[in-house]
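**Q** Here the protein sequences come in this chain order: S and Z.
Take 0 as the starting number for the first sequence in numbering that gives the first Met the number 0 and just add one per residue.
Take 0 as the starting number for the second sequence in numbering that gives the first Met the number 0 and just add one per residue.
It is possible that part of the hints are untrue.
Claimed, not checked - Capping the alpha-carbon separation at 20 Å, the derived lysine to aspartate or glutamate pairs in EDC-like fashion look like this:
no., chain 1, residue 1, chain 2, residue 2
1, Z, K59, S, D202
2, S, K236, Z, D13
3, S, K236, Z, D8
4, S, K121, S, E56
5, S, K76, Z, E70
6, S, K121, S, E172
7, Z, K78, S, E79
8, Z, K4, S, E234
9, S, K247, S, E192
10, Z, K59, S, E205
Simulated from the structure, these hints should not be mistaken for lab results.
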Amino acid sequence: MRYIEPHGHMVSRTTDDYRAMAMAGCQAVCEPAFWAGFDRSSAQGFYDYFCQLTQHEPRRASIFGLPHYTWLCINPKESEDLALADEVLAIIPEFMDSPNVLGIGEIGLNKNSRNEMTVLEKHVDLAGSNDQLILVHTPHLEDKRKGTRLILDVLKSDSRIRPERCIIDHVEEHTVGMVLDDGFWAGMTLYPETKCTANRAIDILEVYGNERIWMNSACDWGISVPLAVPQAAQEMKRRGNDAQYIDKVVYQNPIEFMSQSPRFIRPVGL
Amino acid sequence: MADQKNILDLYFLDARARLIDIAAFMDRVDRAGGETDFRYNAYREALKALESGQPDRAEKVLLAFSDPTDEPIPAATTKAACGAWPGADED
Chain S
0 MRYIEPHGHM VSRTTDDYRA MAMAGCQAVC EPAFWAGFDR SSAQGFYDYF CQLTQHEPRR
60 ASIFGLPHYT WLCINPKESE DLALADEVLA IIPEFMDSPN VLGIGEIGLN KNSRNEMTVL
120 EKHVDLAGSN DQLILVHTPH LEDKRKGTRL ILDVLKSDSR IRPERCIIDH VEEHTVGMVL
180 DDGFWAGMTL YPETKCTANR AIDILEVYGN ERIWMNSACD WGISVPLAVP QAAQEMKRRG
240 NDAQYIDKVV YQNPIEFMSQ SPRFIRPVGL
Chain Z
0 MADQKNILDL YFLDARARLI DIAAFMDRVD RAGGETDFRY NAYREALKAL ESGQPDRAEK
60 VLLAFSDPTD EPIPAATTKA ACGAWPGADE D
């Protein structure tokens, strides 16, 4: 089996995780910028993080034969401080031409506050001004429905943003319909408790089809499973899906979306 | 697509175990006593979706826990979500 991990926070993972992913058939890993689990104290902290994402982590992944791609932003969890957000937004362009940067992400909302909305709009403007792909984080749990609706409205209100160049991540049964209906891509995150289980993700594929949709582990410093995608592929096989169907969801679809960036190199796909 | 027997063969025991876990969780909360909590109220409300007879139970359960409002809140006072909407006064 071959697959792409389209959303993994590998800076939080061990080399054993890289090895296990490579052995499970992973062909490339993509890492959106995210919250460290604590608030960074200055824009310099983000500068160092962007260096890690564009320089150090690709080297670490390459040891295991994995191409590493990334997305840049200040995460919505740190968007309440508008002055800090402006400072971070100002340094992102310096990194946007790095060879492994696919776009702006994971931007979005966390608690659906006014300041988060302001920073989201600034990120969307940055992406629109620089013709960048967008990867969107949607809020957690009780905040997801409302936040997803607000995010889609922001994206649709900017005429430079084309839905087919945006992936709206962490969809669940109550948000996937609105995302796909508006022409966006949808990402399903396979978490043990707080997002989608493998079986629910497979259910969503059965109901909504397998176009413009992918699965990811979003593995990070919290409770998460770096091999969630190949495990879900195994469950798809158990449910009777054929190899071609599975390959489209876990391999071809991520390639189709990310190939919209000229920096994404189609893997050999052994 | 698999028929109902296939699906039950694959998932019945797992779903049965989860259902018993839900029952045991509710017994545990009731045994504990104390003040009513908005999360448990939302939980009991969400359970009603299971009896709807419609093929969108998962969506209905998620909506039962969701913030139903549409306007941004003035400011985020926490980073965390708790799993159920506490109501407008608590935002």
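**Q** Please work out if K236 of chain S and D8 of chain Z have their alpha carbons no farther apart than 20 Å.
**A** Distance ~15 Å between K236 of chain S and D8 of chain Z Cα, so the pair holds.
**Q** Quickly compare the C-alpha distance for K59 of chain Z and E205 of chain S to 20 Å and report which way the hint goes.
**A** The given pair, whose Cα atoms are some 18 Å apart, holds under the 20 Å limit.
**Q** Given the hint that K121 of chain S pairs with E172 of chain S, test it: the Cα-Cα distance must not exceed 20 Å.
**A** 29 Å, violated
**Q** Is the Cα-Cα distance between K4 of chain Z and E234 of chain S 20 Å or less?
**A** At roughly 17 Å apart (the allowed maximum being 20 Å), E234 of chain S and K4 of chain Z satisfy the hint.
**Q** Regarding the pair K76 of chain S and E70 of chain Z, is the alpha-carbon distance no greater than 20 Å?
**A** 18 Å, holds
**Q** Regarding the pair K121 of chain S and E56 of chain S, is the alpha-carbon distance no greater than 20 Å?
**A** Roughly 27 Å separates the two Cα atoms, so the pair is violated.
**Q** Next pair to validate is K236 of chain S with D13 of chain Z; report whether the Cα-Cα distance is within 20 Å.
**A** It holds: about 18 Å lies between the C-alpha atoms, which stays within 20 Å.
**Q** Given the proposed pairing of K59 of chain Z with D202 of chain S, does the C-alpha separation stay at or below 20 Å?
**A** 15 Å, holds
**Q** Would the pair K247 of chain S and E192 of chain S pass a check requiring their Cα atoms to be no farther apart than 20 Å?
**A** 26 Å, violated
**Q** Measure nothing beyond the straight line between the CA atoms of K78 of chain Z and E79 of chain S; if it is 20 Å or shorter, mark the hint as holding.
**A** 10 Å, holds
Consistency note: the structure conflicts with the earlier hints numbered 4, 6 and 9.
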